[in-house]
Amino acid sequence: MQHGDIGRVQSPRIIRVGGGVAREVGEVMQQLGLSRPLIVTDKKLITLGHVHTVTDVLDVAGVAWTVFDGVVEDPTDICVDEGLAAYRADNFDCIIGFGGGSPMDVAKAISFMSVNPGHVRDYKAPHQIDRCGPPVIAIPTTGGTGSELTRWCVITDTAETEKYNLSGLACVATVALIDWTFTCTKPWRITADTAVDSLTHAIEAYVSRKAFAYTDSFALAAMPAIANHVRTACAEPDNAEARAALMLAASQAGMAFSNASVALVHGMSRPIGAHFHVTHGLSNAMLLPEVTRFSVDAAQGRYATCARVMGWARDGDSDAMACAMLVENLERLNADLKVPSPSSLGHGADPDKFDLMAQQALASGSPQNNPRVPTQDEIVQMYQRIW
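Residue 563 in the numbering used here sits at position 231 of the sequence shown, with consecutive numbering throughout.
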């Protein structure tokens, strides 16, 4: 397995990281000459009062703003169309994506669809969307998807029952304000799932066939931070050290996979979300140990490094032993984080649906980045084992 000597990086123009940086949104808008934002978010974040953190700053700065709070979990093409209508209803010059991956992804999609014709499905990967819309200011509140730094967004198609990737310069936010203080209100399940989502990003970016030295550095920094802090963050929601570490790691992992791509876990995860409405981070967690077991022999050195950097294997252990420890510890992490199986959530195994899901996974392109590229039958077998 070869890893690239040449890398191509896309990232936001402005990145600010730390407790309280969300309150710098007015200053950043002034720096960019922006004055009329549409804030894209969801109703839960309004209820929690987090949106007021941004709007209060804009009020003090004399900035007129409007909120679109119609974002749903696993956002759909309908959600994008509604947000696009809200954007076109007034003279906005930028979009603030405030929340988890869903609001940030919808903000990106509203932006590029405001200047590109057709339906959002017309632009699904491998199409590269390079005609950019108005600036997007991404303010994450969950610390999982890394969408604030990536060149990707994910939308669910209501007509085709498919979750698809969208990618390109138009999917890169202009600004990322990464403020860990919002994550202290996340409950156990969301804390656990977003952390494993980040861990999956980091591991897949590191073993991806498109990995290179720049992305390796981010992936290797993110992995131990997540492994060392996720249990504490779940048990102690207000632990500042753990929350800050996980938020930074999510962004580092986002930078890694944005430029090295994800692989088989994500390829298989999206159909689970589309057909069974399992959240993205949770479906990744369900798959990560099994897909790692399937893949390790094709890139033992890389997977062994993952185990060692997280303290799950020693430097003197053979690569084969380190790989075994990696799989064992991923299973242990899932057990500690109470990751359920799809069947335990009431989703019955359906062989016909597994065939369709395997087709959709392969069509996404992500499995082709995996160290070991599976056949459709092998993907079906993995679905059966995790079910």
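These aren't lab readings, by the way, just hints derived from the structure by calculation.
From the three backbone atoms N, C-alpha and C, an ideal C-beta is built for every residue, glycine too.
Keep in mind that the hints are not guaranteed to be accurate.
[To be verified] Derived DEER-like restraints, expressed as beta-carbon distance ranges: (1) V705 <-> V349: 46 to 56 Å; (2) Q708 <-> D388: 22 to 32 Å; (3) A695 <-> S367: 16 to 26 Å; (4) L380 <-> D668: 32 to 42 Å; (5) W520 <-> S343: 45 to 55 Å; (6) R453 <-> G633: 21 to 31 Å; (7) G680 <-> G450: 28 to 38 Å; (8) Q632 <-> T398: 45 to 55 Å; (9) G394 <-> P458: 38 to 48 Å.
Each hint tested on the structure:
no. : hint                      : in the structure
1   : V705 <-> V349: 46 to 56 Å : 35 Å, violated
2   : Q708 <-> D388: 22 to 32 Å : 52 Å, violated
3   : A695 <-> S367: 16 to 26 Å : 42 Å, violated
4   : L380 <-> D668: 32 to 42 Å : 27 Å, violated
5   : W520 <-> S343: 45 to 55 Å : 31 Å, violated
6   : R453 <-> G633: 21 to 31 Å : 39 Å, violated
7   : G680 <-> G450: 28 to 38 Å : 37 Å, holds
8   : Q632 <-> T398: 45 to 55 Å : 53 Å, holds
9   : G394 <-> P458: 38 to 48 Å : 44 Å, holds
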